[in-house]
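Fit chain B to the known structure of chain Y by using the hints.
Here is what each chain is made of, one letter per residue.
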Amino acid sequence: MSETGAGGMSELVAHAEDSALWATLRRHTQARIGLGRAGSGLPTRHRLELQAAHAAARDAVHSPFDPDTVAAALTGTPTVRVRSAAPDRLTYLQRPDLGRRLDATDRAHLPSGEWDLVFVVADGLSSRAVHEHAAAMVRATTARLPAGTRVAPVVLAEQARVALGDDVAHAMGAATVVVLVGERPGMSAADSLGAYLTYGPKPGVTTDADRNCLSNIRPPLGLTYETAAAKLAALLKGARELGRSGVALKDESDALPAAAPAQSR
Amino acid sequence: MSTYTSTLGGERHRFDSLARLLAAASPERSGDRLAGLAASSARERVAARWALSEVPLTTFLTEPVVPYESDDVTRLILDTHDPVAFAPVAGMTVGELREWLLSEAADAEALAAVSPGLTPEMVAAVSKLMGNADLVAVARKVRVVTAFRSTIGLPGRLATRLQPNHPTDDPAGVAAALLDGLLLGSGDAVIGINPATDSPRAVRDLLELLDGVITRYAIPTQSCVLCHVTTSVDLMERGAPVDLVFQSIAGTQAANASFGVTLGLLDEAYEAARGLDRGTVGKNVMYFETGQGSALSADAHHGVDQQTVEARAYAVARRYDPLLVNTVVGFIGPEYLYDGRQILRAALEDHFCGKLLGLPMGLDICYTNHADADDDDVATMLTMLGVAGASFVICTPGGDDIMLNYQSASYHDALYLREVLGLRPAPEFEAWLGSIGLLDERGAIREVTAHPLTAIGRELAA
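Chains Y and B are the protein sequences, given in the same order. Heads up, the first sequence is in my numbering, so the first residue is 1 and it goes up one at a time. Heads up, the second sequence is in my numbering, so the first residue is 1 and it goes up one at a time.
I should point out that these hints are in silico values taken from the structure, not numbers from a laboratory. Some clues are possibly wrong.
Label pairs and their in silico Cβ distance ranges [unchecked claim]:
hint : chain 1 : residue 1 : chain 2 : residue 2 : range
1    : B       : 238       : Y       : 202       : 41 to 47 Å
2    : B       : 280       : Y       : 237       : 47 to 53 Å
3    : Y       : 146       : B       : 200       : 38 to 44 Å
4    : Y       : 188       : B       : 440       : 32 to 38 Å
5    : Y       : 45        : B       : 422       : 28 to 34 Å
6    : B       : 303       : Y       : 113       : 39 to 45 Å
7    : Y       : 173       : B       : 299       : 47 to 53 Å
8    : Y       : 175       : B       : 303       : 33 to 39 Å
9    : B       : 260       : Y       : 63        : 34 to 40 Å
10   : B       : 258       : Y       : 237       : 50 to 56 Å
11   : B       : 281       : Y       : 188       : 37 to 43 Å
Computed from a prediction, not measured in an experiment: that's the story for all the values here. Glycine included, C-beta positions come from ideal geometry on N, C-alpha and C.
Bound-form chain Y, shown alone (with noise of 0.2 Å):
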């Protein structure tokens, strides 16, 4: 290899040992880094793993959801299950605007009451998520509320989006609603859950401004159940206190991103 070169490259010692330097790399990203060549290609092993993380995430996206499984986990909990207006998963892909409203029949259905706050079980882009997420954060943030919140029966909505949500809370007569939703899988994480708090939703008319978002719930290495439903307290507190959510309500204990990312809508 040539040592000699522009801007000062010559004075620069080639290091033999690079294999250590893409180690000691890979601790500031996650990025697919160092992966070496098979020609123009990457080696086998590499293309292997890019496969199995978009296997991972294509099948958190087409894995039907099963609400029997959150209603098991969430035993003494009463359940109410809906569907969206999005008939299928192929249709939900393509029509956002049934997956934010509810099928009629199913709306008609609905126990509504003078309800302080309600959970939509959310699937989202990935079922998988809200199997193994959506109850225990349900059971965490619901221990922390404050004596003589009046919390509806469960909703478990099938091909959903979090503005579906607004419709549920409309329907229902609550004042507050927290959408637990499977997010879209990334090439890291297929099994990240998303929370979605709306003081006041109106369908129609409420706007991802108005909402607050907690992200990557995903234990252990997204955020845990307890670290999640103490910042869920915290914001259905100060949206009770403002009387509105959204980007005027900043969590009290640290930034909070208050937007939505636009992946998960």
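Okay, now just chain B, sitting in the frame of chain Y:
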């Protein structure tokens, strides 16, 4: 408003406006169905194409798809239309334009000469009559050359944007991905970072990091931190090392407003960046990203199909003689482009329309995990766009962007494309790669495990 009709197989089809006709003629995609604009049947789609093929090009000058009075992009398109350049095709219909574009008469010089006479709606219309192969064949003939510290768009060249993103803008993490890309011969179009936040401080830190590397190693390329145009203007006033001003743009005034931009703001940024005069071999200072679906997503599409609105964004871009423009073709998700087939079609359309309108068109060939696409689709698109003569493609480590959470082409993919099509990097960058020993005797990127450049990573990781 005119009505358009055609009779196909004894069935009569009627389209109530030019916008409806264009939408119905558009190849199938989920975004047009989401907007309620798509043809209701395959027959209606072809009937719309028959009718569209007979529309005179002059109609596009008298029947704007978005009202002139309420939209500054329409005003820009019509007020800057060049009738002299238009003259050679002024008597043609859309169908005749397709045949002329494919003919030998339409060589690089003729296409460059007619470009200022074509409007986005004209090129969008003709693209709807063209097959994928037509889109490649015509785009391949168009030559758009731009320059800053490297020259983009010369025959037989393919440049790359090196995209070393990091979810928290960690300098060592960025440097690691930057090093990886340079060692694989990437970065001649731009070293461009999507920052995690738009805070001026964070953007400035990244600009200084990139400027430091480019200066220290005398790399003939330019940097860009893809912040909002107002942030760039602010940073230029404060003396930050801004090479290129970036902005996402769209094809209607309302969609641009949703991005927080106006033509006035872009004018201001353009003048400021030109004034810095940081280029060495050229003065193109703007970098734009676009993508089908952004106008609908902002509820600002005015009943125009997503491909036609996208082409209108190119009218905004061409006002500023940009160094680089790329469509981020599969990023927006399956509600706009459902699968690999739709993403490929959109990529070819955007590249064709952009090139015909005189833009240095590149692509972010990408997909999200909820779209029905994978890395094989990336390889297919990359190959077709390489044949079509794309100016540049975006490359990420292993094709996996850990900041934006999507998959794009990899540095390896660019090596593949250069190898199979015999494409070389931008000449200044190629010379630099040679000077630091990264080119082998065939001019291909040498496989190295140890190289002085690794000092970039070593210092920042220390």
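Here is what the structure says about each hint:
no., hint, result
1, B:238 / Y:202: 41 to 47 Å, "holds, 42 Å"
2, B:280 / Y:237: 47 to 53 Å, "violated, 58 Å"
3, Y:146 / B:200: 38 to 44 Å, "holds, 41 Å"
4, Y:188 / B:440: 32 to 38 Å, "holds, 34 Å"
5, Y:45 / B:422: 28 to 34 Å, "holds, 29 Å"
6, B:303 / Y:113: 39 to 45 Å, "holds, 42 Å"
7, Y:173 / B:299: 47 to 53 Å, "violated, 29 Å"
8, Y:175 / B:303: 33 to 39 Å, "holds, 38 Å"
9, B:260 / Y:63: 34 to 40 Å, "holds, 38 Å"
10, B:258 / Y:237: 50 to 56 Å, "violated, 33 Å"
11, B:281 / Y:188: 37 to 43 Å, "holds, 40 Å"
In summary, the numbered hints that this structure violates are 2, 7, 10.
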